[in-house]
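Next come the chains, spelled out residue by residue.
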Amino acid sequence: MSNDGSGKIGQFLQGEKEPSSSWVILVIGFVAALIFLVIYNILYPGQDLPVLSSLLPMFEGVFDSGIWFFILGAMIGAFAILGTILTEATIE
Amino acid sequence: MDTILSTLLIFWALIIISYILIQRGLGVLGEVVRGLTMFMLEKALGPGSDLVEGRKGSGSKIWIIQGTIWLFVSATLTFIGLWLGHDPIALHSLEAWGYNALSSELFYAGKFAALFGAVGMFIIGSGLHILPSLLEVDLASEKNAVLTSFLWTISVIILIIGSQSSEILGLDIILIGTAVNLLVATAITANQLLTKANSDVSLATPGWLIIFGLIGSPIAIISILVSGAYDEGIGQWLAYHLFGATFWFSSIAGIALYSASYGSGNALWSRTVAGVVIFGTLFTINPLGDVHPIMAVDMLGLSTAELVITNQDNVIGSFLMALAIIPIIALSSNILITLRGTDTFVENPDSAGIPEINFGAWMLLPLGIGSLFIQTDYLSGVNELTGISNIIQLMTIWTVFIPLTLGAALQVLPAASGRYPLSQNRARMAFWMLSGGAILGLVLTLISDITDLALAEALVEDPSTLSQTMRKSGSVIFYGTVLGAIFHATNIVSGLYRGDKVNSQVSISETTFAPTSYPLTSSTSIRKILASGAVLDTEVVPTFESNESGKPTPLHTEEE
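From first to last, the protein sequence lines are chains A and B. Sequential numbering from 1 applies to the first sequence in my numbering. Sequential numbering from 93 applies to the second sequence in my numbering.
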């Protein structure tokens, strides 16, 4: 790898032992998310993004804000941390 | 004499007396106090002390692990607070359980979790490793350090409950949380001072910063009580900033300076500049933090007093805050140059924790100056900028305090636990999510706050849609900090069991350039050569400089 300024900035951005092609996947993911938002706006102009209760009507009046997607994600994260603590301590 | 100066004179006198006592000891009483303190730290706990093994490094490790979990909690609470800022009824369904979620209360809880949970535990955890390392002795009581960590966590839980409901069954919840917190802080301070007393080695500057951070807060409380300023608005404001200068700024400076040097393998750039940080921190008023000292007022169980400020207080307060920019610049520059050594770029950016310290040091100066403007605006009674005080404080916490303390903790943890985090890749990804989410999310919210302030001043009644969009985007982007905290927590916990073992031989990463030869122009240490990227096969070549004036200095490899 080159040792000039841009090469070192690349080293700083790139994680250790990370395949350089991983950045391609990240960029594809970013572009796909943008495309999804643009297409949604074209198909349903002026409408907000769907929330949990519009996907699952049984949760109407409960999960009727977009924040619940994020809170569910945080809860999964909390259980991931708890699971890691428990399983790492008990793994053979 | 005005309130600020009279209180500070007491504070400075007590700090100087404490320094002399720590340096010279207590004379004939020293042995008695030492024995009694050791008894209180271990034997007085009774069977409780038998619950833990007290292995070397266990105290530091358990504090840092719990700090990582609090990092996740604080990120989640702050994210919800930001979201409720633009969508106040998002959690209305929780009212069925009797909980009415408010943005301001979620911010308050998030600040307790971030400052006392994450930052506080990283500070104490890192300090428990750093101070004994600098003093070349073992920590006085590892058992006490482990046990008190759980009590500290309980105190943070109580403080968070108190932030949502300050009085339950007639009891002041935040005051109870403070009492538990002070008890633990006293035990940790005694533990660290006893460690210092057990050593004959001269303590390096970062160690003194950690010690002043520990003893500074109780001294600040005593100063406010003795001066009688606790029931005045200006006294409460000063108390808040003295806590900020001592436990937060001084301690963070100590652990960040040590970790910048330890992690990069470079010697500390300047001991004199580090000395300026100590002197400047204690003898000025640190401007970082909110303009309203509500956190200090609640924790001390006081009733909020109106800010009535004399002209003399205004001049002295503003002058001492302006002077505080000197230690802020000194700390930022010392960390940044130490990380770089003789190079223009960070020596070993692959090491977990180094990017966080680098990022925090960069953000320190702009936020220090921004806070100075806000505080002087508040003290002078203009109050044009107080509307952005909350978001600037959040930015200080998430882009300075947390990166610097998390970075230091990530550097210290392998030495304390004997293992590295599981994956440097995941640590890198977590860094980008945490720092990117914090800076982008909070800057967008700051823009939104400033827009709202400008519209309010212009008496525009219709809310700005652009401001609302910014606020929404800011809260969503801030979610990156939640993800970053999850990545860090799982990475660190897994690393304790399956991470690479720490060994004396420096492992060179594949992305680091390994030179085939190292020009030796002056005397240096083997540690420094290895930190520059050299491997065991690198040839160390003595070179001599040509001092011919007016020309570049050629390096040649043959001895004359």
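It is worth saying that the hints were derived from the structure and are not from the lab. Backbone N, C-alpha and C fix where the C-beta goes; we use that ideal spot for every residue, glycine too. Fair warning: there could be bad hints in the mix.
Said to hold, decoys possible - Here are the computed distance ranges between Cβ atoms for each label pair:
1) A/Met-75 / B/Leu-628: 47 to 57 Å
2) B/Ile-418 / A/Ser-54: 26 to 36 Å
3) B/Arg-619 / A/Leu-55: 51 to 61 Å
4) A/Tyr-44 / B/Ile-181: 34 to 44 Å
5) A/Phe-30 / B/Ala-546: 26 to 36 Å
6) A/Ile-28 / B/Ser-291: 26 to 36 Å
7) A/Gly-29 / B/Ala-546: 34 to 44 Å
8) B/Arg-147 / A/Tyr-44: 31 to 41 Å
9) A/Leu-86 / B/Val-474: 49 to 59 Å
10) B/Ala-546 / A/Thr-87: 23 to 33 Å
Status of the hints after comparison with the structure:
1. Checked against the given bound of 47 to 57 Å, the beta carbons of A/Met-75 and B/Leu-628, roughly 48 Å apart, stay inside it.
2. A hinted range of 26 to 36 Å for the beta carbons of B/Ile-418 and A/Ser-54 is inconsistent with their spacing of about 56 Å.
3. Range check, B/Arg-619 to A/Leu-55: about 57 Å between beta-carbon atoms, so the 51 to 61 Å window is met.
4. The hint said 34 to 44 Å for the Cβ distance between A/Tyr-44 and B/Ile-181, and at roughly 23 Å that hint is violated.
5. Range check, A/Phe-30 to B/Ala-546: Cβ separation about 32 Å, and the 26 to 36 Å hint holds.
6. Distance hint check: the CB atoms of A/Ile-28 and B/Ser-291 are about 56 Å apart, inconsistent with the given range 26 to 36 Å.
7. In this structure, A/Gly-29 and B/Ala-546 meet the distance hint of 34 to 44 Å, their C-beta atoms being roughly 37 Å apart.
8. Between B/Arg-147 and A/Tyr-44 the CB atoms are about 60 Å apart, so this pair departs from the stated range of 31 to 41 Å.
9. Checking the proposed 49 to 59 Å range against A/Leu-86 and B/Val-474 shows it holds: the Cβ atoms sit about 54 Å from each other.
10. Distance hint for B/Ala-546 and A/Thr-87: a CB-CB separation of about 52 Å, inconsistent with the stated range 23 to 33 Å.
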